[in-house]
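From first to last, the protein sequence lines are chains A and B. Each residue of the first sequence is one higher than the last, beginning at 31 in my numbering. Each residue of the second sequence is one higher than the last, beginning at 421 in my numbering.
These aren't lab readings, by the way, just hints derived from the structure by calculation. The structure presented is a predicted model; accordingly, all values stated were derived computationally and were not measured. Treat the hints with care, since some could be wrong.
Listed next, with one range per pair, are the computed distances between beta-carbon atoms [to be verified]:
1. A:Asp53 / B:Ala546: 56 to 64 Å
2. A:Gly91 / B:Asp719: 48 to 56 Å
3. A:Ala265 / B:Ala698: 49 to 57 Å
4. B:Asp575 / A:Thr354: 35 to 43 Å
5. A:Ala156 / B:Asp644: 47 to 55 Å
6. B:Val606 / A:Ser268: 44 to 52 Å
Here a beta-carbon is modelled for each residue, glycine too, at the ideal position from N, C-alpha and C.
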Amino acid sequence: MFETLSDRFEGIFRRLRNSGHLDESEVDEVLREIRIALLEADVNVAVVRNLQRRVRDRAVGAQAHQALTSAQQIIKIVNEELVETLGGATIRITYASKPPTVVLMAGLQGSGKTTNSAKLARWFKAQGRNPLLVGADLQRPAAVEQLRVLASQIDVPVFSVPTNPVEVARGAVAEARRLGRDVVIVDTAGRLAIDAEMMEQVRQISAEVEPDYTFLVVDAMLGQDAVTVAEGFHASLSLDGVILTKLDGDARGGAALSVKEVVGRPIAFASTGEKLEDFDLFHPDRLAGRILGMGDMLSLIEKAEEAFDADQAEQAAARLMEGTFTFDDFVEQMNAIRRMGPLSSIIGMLPGIPKEVRDVEIGDREVNRIEAIIRSMTSAERANPDLIDGSRRQRIAKGSGTNAAEVGQLISQFKEMRKMIQGMGGGAMKRVKKKTRKGQRKSARSAGRSGRTTEKGTVPSVPSKRMPGLDPLADQLEKAGIEIPGLPRGLGDG
Amino acid sequence: MSNLAYLLVIVPLVVLVGVAVFVVTRRTGEGTPLGGRGSDRPGVASPGEQRGDPGVATLPDTVADATDEPVPSDHVGVVDDPPGTLDGVDVVEAPPEMPERATFSNRLARARTALSGALGSIRGHATVDAETWDDLEEALIRADVGVGPTAALLDAVRARARKDAITTPEGLIEAVKSEMVDRLLVPIDLRVSAEAPTIWLFVGVNGVGKTTTIGKVGKRLRDDGHTVLMAAGDTFRAAAAEQLATWSERCGADLVRGAEGADPSAVIFDGVAKAAAAGTEYVLADTAGRLHTKSNLMDELRKVRRVADKGAGEVTESLLVLDATTGQNGLAQARQFTEAIDLTGVVLTKLDGSAKGGIVFAIQSELGIPVKLVGLGEQAEDLVEFDPEQFVEALFEPVPGSV
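For reference, chain A alone in the conformation it holds in the complex (with noise of 0.2 Å):
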């Protein structure tokens, strides 16, 4: 698993915990390691030498007149940078005014050109328009068929003559017309960016087809060759756009902020799974936090709402606020988190965990020996811990194959995970609540089809790195004598 870049920072804040600042040799420290980072999420060598130079002029600049730059704050900064360099302009998809509109899709081979032309009429049907999805893919075998099923899927129709690309470009307008249909997605062969005659071609079905919006399509999992695909199909090209894709691996899709340096233009749309309706407008904040690795809580929170269902979650929130939150509650929860996939995966996506914690291994044994200690119990131990004492701790011990010491450590640590918990049912959850209406306002406009206008072209927002009502899990570890990096509560308060 990458190493996070909070993880990169503790040894530094161990360092300078004490005065805070940094003089300029400390920041050109803080600024290698962003370098490191940057360069691990697959950034372009040469984007991250630009942003660098940036970030390091910004933060020298505060210092002249504030004589006050803690790493902290770089972070912020290079986060700012980030969310500015993705975001720019979100794109506002127009219609033309004489229908229809046509969408060129472009891009390398595997990119998920014909998934997302499919996934780009869905939203478009969504939108209350009438697509009609082009297969001018006819290299690779059964593409159109591909196509096909997928259309099926969504009940679109799929225009295609096996004659060649540019005859069934030529073909897609009229027919549309004759249809009413009034989007127009045209899926083409995947191709290099340096294959001269296969670049002619796409040139020559844009040309026929005069796209209104022509968007590459870029796997999130692109390394350093991102720069040179994005300006070998700009140059073709002039493209409108990008959509992301398989950004629900594990990539840190560095590669979008290369492309949309060279490209200069948005990254309109961002594909997040494999069914047809995982694709929606791109929110470049998240992805800045992704890139930088400090968690992802934004994605952690909708894997939440996927393994959760609505009761379970309506009911848990109520014991929590009457303080009733039993072992039964413990495993519930557990299980729920298993759902969401492997718990060392989550974890990499919680801000601010330090790298001892992070780096366990909690595999399906781990979890399975904490249930078998819960199952020994009674009903009434679980509901009551309190109850165990040394003889019931055997007990426990004995049934469920663990020793008593280990026992005795489970439910010391449940008391303190509840009195957590109890602390937010209480005072944290007004704040919470405050926050997250605040929170939604904010992403609801960020999402919006507009997106975020202005005529400098955008409005950088910060968004809090550190969730609120967070607080509790660093207590937590820090109960255990688990030191935490800085990074995610400095953040927050920026």
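For this one, chain A is given, so just place chain B on it according to the hints.
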């Protein structure tokens, strides 16, 4: 509902961190290293072995009996010995014919231009200085070798430069190249099974070219006079089986396919059975693209691997198909896939583009998984054996239009 959403996350997370802290403190408390798992505490009710996870077992399963292991044994890694050491397993002779088969140098010639890359500026210098090292580092990172492996490599080169008193930039570049080649030189032969059929399994994330690779491998085997069956184990992606069917027709291989959404292990099991009955030499098993982070899909793959070994013959190669454009995530992919099914090699595809595929260097040096085949174009002849020297040479070729 909004605060509920947060609650939903916070509560389990607190629980999760609790679990993690519990595990950490228990380990440190007992002083039990991670390595001691499994052998200690005979009393533990071995909970990790509750197989039949809901995500895997629900599929209509024609080979259900074969999959359910009566004894919960460690299913990974028992079969595969180090290359070449299994008795009865010999090595495929590299077919001597087909002189027109593509090589790195003539295929990559397309991608070459006279533009000077990072190395150009290194060569421009008379002596070796700090900038030279920076340029070298950049050239390697640009090729997706990755920050860590690059640093390790350059450390080795530094030591060598001191020892051999290398003073010219040119000498330094040669030293880097030979260090890299040394690390990549391992046996890459594709193994065949003693008892037919030989089963080769192809896995990878979405869109890397698994189906195409199988088509090309099948074509090559057929051209060399072997009998081949392709098992369309990608039952998820629309029309994946049709794509494979086209390839099987092209090269005259048999094809076994299931309905869309069918259990891939059942399809592959059927393929193996059919191949065994017909005396077919090779079974090339396709699988659906899956992100290595999806645990249910990785479990499905474990089952595929298990089931493929149940019938006649043996799985002698589990190949990760990797797109050369992949960046640092490639290492995470290799790690997860090998954890699930013990990879025996990597097929590096799409190397005819401008991408250098440097991530395979990290995969080889960190995980010991060698590249065995390389895809250099869309034609079947464009799939060739990996050649470390030419690969490293190409790694340092400038890319047209780079920044």
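(request) Give me the numbers of the hints this structure contradicts, sorted from smallest to largest. (result) Per hint list: 1, 4 violated.
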